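Please build the complete structure, drawing on both the sequences and the hints.
The listed protein sequences derive, respectively, from chains A and B. Following UniProt numbering, the numbering of the first sequence begins with 1 at its first residue and continues without gaps. Following UniProt numbering, the numbering of the second sequence begins with 1 at its first residue and continues without gaps.
The set of hints was computed from the structure by calculation and includes no laboratory data. Some clues are possibly wrong.
[What the hints assert, rightly or not] Simulated pairs of lysine to any residue, SDA-like, Cα-Cα distance not exceeding 25 Å:
#: 1; chain 1: B; residue 1: LYS270; chain 2: A; residue 2: LEU320
#: 2; chain 1: A; residue 1: LYS171; chain 2: B; residue 2: GLU240
#: 3; chain 1: A; residue 1: LYS221; chain 2: A; residue 2: ALA105
#: 4; chain 1: B; residue 1: LYS3; chain 2: A; residue 2: GLY334
#: 5; chain 1: A; residue 1: LYS386; chain 2: A; residue 2: SER418
#: 6; chain 1: A; residue 1: LYS171; chain 2: B; residue 2: ALA322
#: 7; chain 1: A; residue 1: LYS24; chain 2: B; residue 2: GLY257
#: 8; chain 1: B; residue 1: LYS362; chain 2: B; residue 2: PRO345
#: 9; chain 1: A; residue 1: LYS121; chain 2: B; residue 2: ALA322
[Said to hold, decoys possible] Using C-beta positions, here's what the derived DEER-type ranges look like:
#: 10; chain 1: B; residue 1: ALA58; chain 2: A; residue 2: ALA254; range: 54 to 60 Å
#: 11; chain 1: A; residue 1: LYS256; chain 2: B; residue 2: GLY81; range: 44 to 50 Å
#: 12; chain 1: B; residue 1: GLU325; chain 2: A; residue 2: GLU65; range: 27 to 33 Å
#: 13; chain 1: A; residue 1: ASN423; chain 2: B; residue 2: SER232; range: 50 to 56 Å
#: 14; chain 1: A; residue 1: ASN95; chain 2: B; residue 2: ARG46; range: 55 to 61 Å
#: 15; chain 1: A; residue 1: LYS256; chain 2: B; residue 2: ARG46; range: 41 to 47 Å
#: 16; chain 1: B; residue 1: LYS435; chain 2: A; residue 2: LYS256; range: 41 to 47 Å
#: 17; chain 1: B; residue 1: PRO268; chain 2: A; residue 2: GLU87; range: 45 to 51 Å
What you are looking at is a predicted structure, and each value in this text was computed from that prediction instead of being measured. C-beta atoms are modelled at their ideal positions from N, C-alpha and C, and glycine is treated no differently.
2 protein chains.
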Amino acid sequence: MLKPVRVGICGLGTVGSGTVNILKRNKSLIDARAGSDIQIIQIGARRDNPHCDTSGYAITRDIFEVANNPDVDVLVELIGGTTVAKELVLTAINNGKHVITANKALIAHYGNEIFAAAKAKGVTVAFEAAVAGGIPIIKAIREGLAANRIEWLAGIINGTGNFILTEMRDKGRAFEDVLKEAQALGYAEADPTFDVEGIDAAHKLVILASLAFGIPLEINKVFTEGITKIASADVAYAEELGYRIKNLGIARRAAKGIELRVHPTLIPAKRLIANVDGVMNAVLVKGDAVGPTLYYGAGAGAEPTGSSVVSDIVDVARTLTADPEHRVPCLGFGADFVIEQPILPIDEVETAYYLRMSAVDKPGVLSKVATILSDYGISIEAMIQKEAKEGESDVPLILLTNRVQEKRLRDAISRIESLDSINAPVVRIRVEALK
Amino acid sequence: MLKPVRVGICGLGTVGSGTVNILKRNKSLIDARAGSDIQIIQIGARRDNPHCDTSGYAITRDIFEVANNPDVDVLVELIGGTTVAKELVLTAINNGKHVITANKALIAHYGNEIFAAAKAKGVTVAFEAAVAGGIPIIKAIREGLAANRIEWLAGIINGTGNFILTEMRDKGRAFEDVLKEAQALGYAEADPTFDVEGIDAAHKLVILASLAFGIPLEINKVFTEGITKIASADVAYAEELGYRIKNLGIARRAAKGIELRVHPTLIPAKRLIANVDGVMNAVLVKGDAVGPTLYYGAGAGAEPTGSSVVSDIVDVARTLTADPEHRVPCLGFGADFVIEQPILPIDEVETAYYLRMSAVDKPGVLSKVATILSDYGISIEAMIQKEAKEGESDVPLILLTNRVQEKRLRDAISRIESLDSINAPVVRIRVEALK
Ligand SMILES: NC(=O)c1ccc[n+]([C@@H]2O[C@H](COP(=O)([O-])OP(=O)(O)OC[C@H]3O[C@@H](n4cnc5c(N)ncnc54)[C@H](OP(=O)(O)O)[C@@H]3O)[C@@H](O)[C@H]2O)c1
Ligand SMILES: NC(=O)c1ccc[n+]([C@@H]2O[C@H](COP(=O)([O-])OP(=O)(O)OC[C@H]3O[C@@H](n4cnc5c(N)ncnc54)[C@H](OP(=O)(O)O)[C@@H]3O)[C@@H](O)[C@H]2O)c1
Chain A
1 MLKPVRVGIC GLGTVGSGTV NILKRNKSLI DARAGSDIQI IQIGARRDNP
51 HCDTSGYAIT RDIFEVANNP DVDVLVELIG GTTVAKELVL TAINNGKHVI
101 TANKALIAHY GNEIFAAAKA KGVTVAFEAA VAGGIPIIKA IREGLAANRI
151 EWLAGIINGT GNFILTEMRD KGRAFEDVLK EAQALGYAEA DPTFDVEGID
201 AAHKLVILAS LAFGIPLEIN KVFTEGITKI ASADVAYAEE LGYRIKNLGI
251 ARRAAKGIEL RVHPTLIPAK RLIANVDGVM NAVLVKGDAV GPTLYYGAGA
301 GAEPTGSSVV SDIVDVARTL TADPEHRVPC LGFGADFVIE QPILPIDEVE
351 TAYYLRMSAV DKPGVLSKVA TILSDYGISI EAMIQKEAKE GESDVPLILL
401 TNRVQEKRLR DAISRIESLD SINAPVVRIR VEALK
Chain B
1 MLKPVRVGIC GLGTVGSGTV NILKRNKSLI DARAGSDIQI IQIGARRDNP
51 HCDTSGYAIT RDIFEVANNP DVDVLVELIG GTTVAKELVL TAINNGKHVI
101 TANKALIAHY GNEIFAAAKA KGVTVAFEAA VAGGIPIIKA IREGLAANRI
151 EWLAGIINGT GNFILTEMRD KGRAFEDVLK EAQALGYAEA DPTFDVEGID
201 AAHKLVILAS LAFGIPLEIN KVFTEGITKI ASADVAYAEE LGYRIKNLGI
251 ARRAAKGIEL RVHPTLIPAK RLIANVDGVM NAVLVKGDAV GPTLYYGAGA
301 GAEPTGSSVV SDIVDVARTL TADPEHRVPC LGFGADFVIE QPILPIDEVE
351 TAYYLRMSAV DKPGVLSKVA TILSDYGISI EAMIQKEAKE GESDVPLILL
401 TNRVQEKRLR DAISRIESLD SINAPVVRIR VEALK
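Put into structure tokens, the structure is as follows:
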């Protein structure tokens, strides 16, 4: 006889319905893997969802009924947001329930507090679905790569952003144009700020960084720069230089601290991750023992995300009656292990740069630019200089620099922008070799 | 105080030394993840290894001393082979020790017996390192994708084979030539049969298939075809058709049974896995809920493989004192779950095909070939017909077919080969869309 694991699900939107549908369709298989009889004993949903047949399940319109239901072993939070969701999760924990969530915003902002509450109560909080949808990336970093000192990781962890950049490259389309399509297709929210300004990716990045480095979640220290200013021209020049522009979340253990940053990035076209297109996600993780490893799959959607929720349910089911010490710690490290490493301000981060300038079509401009760069110890690794187009007096000048501190580069750029022969702000995109 | 986990390591070759070096270098980090004090208390090695400083460790020249050492909690088998290794592993299990191994041949051939012995003794056998080196693919399928009915998986799981095919494509080199280089570089064994005839990949494939489908290990039912007959011309024609040739291990749940096959395969060049080059490995897994996911990394080498061994040690450490039911079952499914699905003989497998014929340069040949194919219900999806080269009377004729049963295709080929106008055996490579 399999032991029952009684699951309560709160929220029956996209991920909630995907989760219920998977648990129903694959029940015998999932139970065989878990070694348990996984039962949905209650669903908290304000209304029905046409994508999910809930006949046979106990439904309540009040999600807190689930959190207070003494029969529920595991509460699955799929309502989203950071207010009610936080209260719901903490209520469940205080009632001694394990919690599973897909809510990256909640974990990124309140994870430290939530994990502490869970530890005090001897329950676990699992969140595989919160990062990169169906890709089991949390498990990979936390368990699969447990032998490694992680050096860095870089992820395409926002599908909408990747869809936009892919379309811009494949079809030469403009940002605004593709964004509208993404909204029409339902990829991007009506307010797309979270996607295109890197906020959603930042939520996921801090989670990955904590798992990788054993640091607390520090969402306020992530540097984010959106993809809204990427021009079709930059996509094309990048291609000409052998690079692609991807919106990456990057976490790196540098000499002086940890880098946490989300921004559009030129990466060599021949890297596997440069070929991750459309709404797909991928995370590249570099460990000192294993070298680079990459994890690829759907970053969102009802069933891909539900797949991760259910894998968390199986994990929880397996150790439901075990001592807490037999469970994997929420962030991978035991509580006594704290890495005291500062998060580097972006000024101190070192990367290479792509620079695009609009220069007056006269001799001597390049030499002036090169002199300024050289004054700041910056060298030019590659260059494209085009002829002026018919009727235009300015020529584009595209440079790739060596690795240099952000602050130093910014100072050099202001000097360049003050040149008479440079007519527009210098476009600057960071470049990473990812090797 | 962390609880001690006492590890005994048998074999101090490539993987043994990598494992010891990682455990030493990253000890504090690994212990923090495991929540245990992981101690190497004995190493069984016939001789020293210059890549590994074992001062401070207790060394024995008799590996069975480790298996019989009452202080050892976990025995790590890294000697390879299926004779002594089997005896060593079973001895350790009978002595109540957990076992970790990187030995794919051993698991593929004797896994069923070994897992049964482990179950009877309430210990676990872990083998993450046995498939795809440092990639945590066992964990991904067994736990990360636990929600999914796996539909199929396809892996580049032999680095030597992939290195050879990559060099053939990138540099137009011939098979024999690259094989010699691979041997010189130490990638391929002096006897390269295991690599180039698909035997090593078959070992790994049956393990992946068991994890994916819940079937017993059936190494004798895997169909294998080597890459030794791949000609540079085929690599080039494939490219022209938008494909790449990769040596894949494929496991698929088909209507009538499970397919288990290792063979060179044309795959669309735009698939991510088609871009996995050199000695790198990757496994593409298609789940019904999550869709396609891919896992990429180093498939061999001292530390990448050691990374997986150590992740298994951490897993075992975590549940060392837990009841067996709290551990993940060796093959992912509870013992009562048995899928009764036959393994399909290759004759009944359905795929698309790439065919290359050497045809007399006369009108009417193509029509004869097309008629024969059509008699067998086979349609032509794409074609390349080249002009005869100076001084040659034969022209190459390259076809891509629709999906058809292997037996039917073979019958069609024998009819084609009996045509007067076809002068050499028809070259036939399977084609998979992988979507
Ligand atoms: N969608 C994805 O692909 C995806 C991927 C990864 C992670 N996630 C995360 O998964 C979570 C759920 O996302 P989703 O896409 O499934 O959202 P959704 O489709 O908007 O569903 C949210 C559900 O929660 C309910 N809900 C919201 N606030 C509630 C409240 N205060 N009380 C009761 N019910 C409430 C909603 O009910 P009403 O319909 O009545 O408003 C709806 O049923 C979010 O944290 C999201 O970030 C989503
Ligand atoms: N190398 C890789 O990258 C890799 C990757 C994945 C999996 N694996 C698997 O890992 C295992 C070990 O491979 P490896 O590459 O580390 O092999 P290896 O370098 O040949 O090392 C094998 C070690 O075991 C010792 N040994 C062999 N037979 C023994 C016996 N009967 N009694 C005592 N010691 C014995 C050898 O000692 P001597 O030196 O005295 O012979 C040597 O120290 C194999 O199962 C292999 O398939 C290897």
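>> For LYS362(B) and PRO345(B), compute the direct alpha-carbon distance and say whether it is at most 25 Å.
In response: Between LYS362(B) and PRO345(B) the Cα gap is close to 38 Å, so the pair fails against 25 Å, i.e. violated.
> Is 41 to 47 Å a correct range for the gap between the Cβ atoms of LYS435(B) and LYS256(A)?
Replying inline: 45 Å, holds
> Range hint 44 to 50 Å: satisfied by the CB atoms of LYS256(A) and GLY81(B)?
Replying inline: 48 Å, holds
> Regarding LYS256(A) and ARG46(B), is the given constraint of 41 to 47 Å on their beta-carbon distance met?
Replying inline: Roughly 46 Å apart at Cβ, these two residues keep to the hinted range, so it holds.
> Measuring from beta carbon to beta carbon, are GLU325(B) and GLU65(A) in 27 to 33 Å?
Replying inline: Because 31 Å falls inside the window, the suggested range holds.
>> Given the hinted pair LYS171(A) and ALA322(B), is their Cα-Cα distance within 25 Å?
In response: 56 Å, violated
> Given the hint that LYS24(A) pairs with GLY257(B), does the C-alpha gap stay at or below 25 Å?
Replying inline: 24 Å, holds
> Is it true that the CA of LYS221(A) sits at most 25 Å from the CA of ALA105(A)?
Replying inline: 15 Å, holds
> Is it true that the CA of LYS3(B) sits at most 25 Å from the CA of GLY334(A)?
Replying inline: 13 Å, holds
>> Given the hint of 50 to 56 Å, is the C-beta distance from ASN423(A) to SER232(B) inside that range or not?
In response: 52 Å, holds
>> With the threshold set at 25 Å, check whether the alpha-carbon distance from LYS121(A) to ALA322(B) stays at or below it.
In response: 20 Å, holds
>> So if I understand the rule, the pair passes when the alpha-carbon distance is 25 Å or less; does LYS270(B) with LEU320(A) pass?
In response: 43 Å, violated
Consistency with the previously given hints fails for numbers 1, 6, 8, 10, ordered from lowest to highest.
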